[in-house]
Every structure is written in C-alpha cells, then in structure tokens.
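Please take these sequences and the hints and turn them into a complete structure.
If you want the building blocks of each chain, they are given just below.
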Amino acid sequence: MRRPAHGLIVLALLAGAPAAADGIAAGERRSGSDFMAPETQAMQADDTSNPGMLWVVQGAGLWEQGAGASGLSCAGCHGAAADSMRGVAARYPALDAASGKPVDLTGRINQCRTVRQGASALVRESNELLALTTFVAHQSRGMPISPPSDPGLDAYRAAGRELFTTRMGQLDLSCANCHDDNWRGRLAGSAVTQAHPTGYPLYRLEWQGVGSLQRRMRNCMIGVRAEPFAAGSDAFIALELYLMQRAAGMAIETPGVRP
Amino acid sequence: MTRSLVSVPGTARRGDIVDVRAMIAHPMETGYRMGPNGVAIPRRIITRFVCTYGGEEVFAAAFFPAVSANPFVSFSLVATESGTVGFAWTDDEGQTETASAEIVVS
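Protein chains in written order, with UniProt numbering: chain A, 1 to 259; chain B, 1 to 106.
Treat the hints as calculated values from the structure; they're not laboratory data. None of the values given here were measured: they were computed from a predicted structure. Incorrect hints may appear among the rest.
Facing chain A, a subset of chain B residues (Cβ under 7 Å, in silico) [unchecked claim]:
no.	residue
1	R3
2	L5
3	S7
4	A25
5	R33
6	N37
7	S68
8	A69
We treat Cβ as the ideally placed atom computed from N, Cα and C, and that holds for glycine.
Have a look at this one:
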C-alpha cells in the first residue's frame, strides 16, 4: 500500500525559507521565547506568574537539605547558590576531568550526590533532580551562554553536530532540516523555532510541568519516529554540547516557559 | 514538600486595589486518564481555594478536573488594614496546604 502522506509532510516542511549552509547567521538568532504569544512571554517574564518558579523554590529548599551518608547539603560546600552557582549553567555541558567525557549540569549534580554526599543518584526527570537543576540554572538567568573552549570537548561537539545534521527516523528528517532550514515555518500551527536551549529546564504548558532539554529532544525524536537516545546518554550530551555552542552568547532564561 | 508561590504587595495605601497572585504545585490529576499499565490513575485534585485577609475570608474558588496542573489564581483586594493575607488549598482527600504573606497599609 502506498503512503503518500510521508512525502507531503516533507514537502510542506521544505516549502518556504531557503536552506542555510550551516546553522543560522548570528544576527538572525532568536530564542524560542521570541516566537511565543505575548501572553506566554508575559507569563515567563513575571516570577509571580512563571510556574517554573515552583521548581526553583523546591530546588532552593533541596539546596539547603542534607543528603546521603555524609549528611552534607549542597550549601554545606557551595554556600549561597546566588554567588557560587552564578554563571555555572552557562558553561555546561563541561568536561569531567575524572572520566574525560563531557557531563551535563544534571549529570554533575548527580555526580556530586553520589561521590561527595554519599547519596543515591536521583532519577533523570524526577521532580527533585529537575528542581535542583532548575534552581542552579536559574542563578545564571540573563547571563550569556559561554561554552567552555576545552579542546577535549571538540570531538564530542563535532559528534553532536553530526547528530544534528543526520537524518533519522521513519520521517527521515534531521534536526537541521527543521531548525536550521525552516525555523521561520510552522508545523501544525506551532512555530518551528531555532532550537536554542536558552530556557532549560523549562516549564512547558503542554507538559504541565518542568522538563529537561533531553525530554524535549526525546519529543522531537519521537516526532520524526526515530528511537530516542537513552536519558543521560553520550549522544544526548553531545547534542546538547553542540546546541549550546550554536547558541553561544544568547541569554539564559531559566526557568523558561514554552507552549 | 509543598511548593507554593504567593504574591501580595508588601506595602499599600489605604483604599488601594492590590493584585494578589497564588500558585501551587499540584498534579490536578483528573481521574479520567489511564496509566501505562491500563489501570486508571485515581483522581487527585484541589477542590477549594480560600484567601483570607485579617482572618476574614475575602476570596474563594472551587476547582474542577478541567483546571490545569499547578493552578494559578489572580484576583484583587482592597487594602483596608495591615495584616496577614492567608491562602489555603484543600484537595479531595481533605488535606490543606497553606501559605501567607504580610501587607502593611499606611
């Protein structure tokens, strides 16, 4: 049986903007919040209406709370997050000296828990881990994304770029097909956007909760009917490395609000 | 751990109309959904929200399954006297979560 719908979707996606050679010109870069309705922008801008702040509040509580065999809290070593965590999220994923591999902010928090606090690792996408990550990333709000220039990261960043531009799934689409070449377009009424990870972890109205960048990428992969990478996998972290490089200089908005 | 965020202006002049906002983290599970194993997820929603000002109830709302998770309420009050603005959310199991904020009226 023929399935013409597949071809139609691809055609609809390709109609419109001309294809960019690599990425988006610096002057044309726009955060996802720029594509939102004014009401949603207002919701994000005001901390008393931004539901992501509920996770920031929870994270602030967890920051002070002892955990694990050591009974140490995050604050026990790092002190006030407003000072010690300022700008940290803007530099992640970063190279982990011990393993020689990049680690994302969530992975680093879990590493701190298991190695320094002697606590069990928190499950990715659990409320506690999201709250801690959101709280830490919130300390960098307004700061420009500044990916580390560590040469040890280059290979992983290149791998991330490779993943970004590789077609995958039954729809045979790469990230770049939409987010580099057709970001001006709309997909089923929703703005395609440029896929800059400026607001993560962010509150998505569709999720009715805060979720990570990896959850968002998982959504996209399911959308093109590819098998999503495992949570916390090297592939996701490589992609995140490339995305942060691609968005270098853009301001962090955590906690963002997205439709 | 309950997470709620309330916003009341710290100071106001007598007679001012002030904006009050209250938000609480809650799944507002409708009871109409099924889990991945095909078993119905039991209903769990906040059914009543009450705001008190100086101990007197000044605003109340009934919530139903159509209300989204992490419900947000915004309304206005007339600042009459300094005191505590209290907030209480009660769910179907009868459990109540509270929050409060102080307002100084001059």
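Q. Can you name, in rising order, the numbers of the hints this structure does not satisfy?
A. 5 and 6
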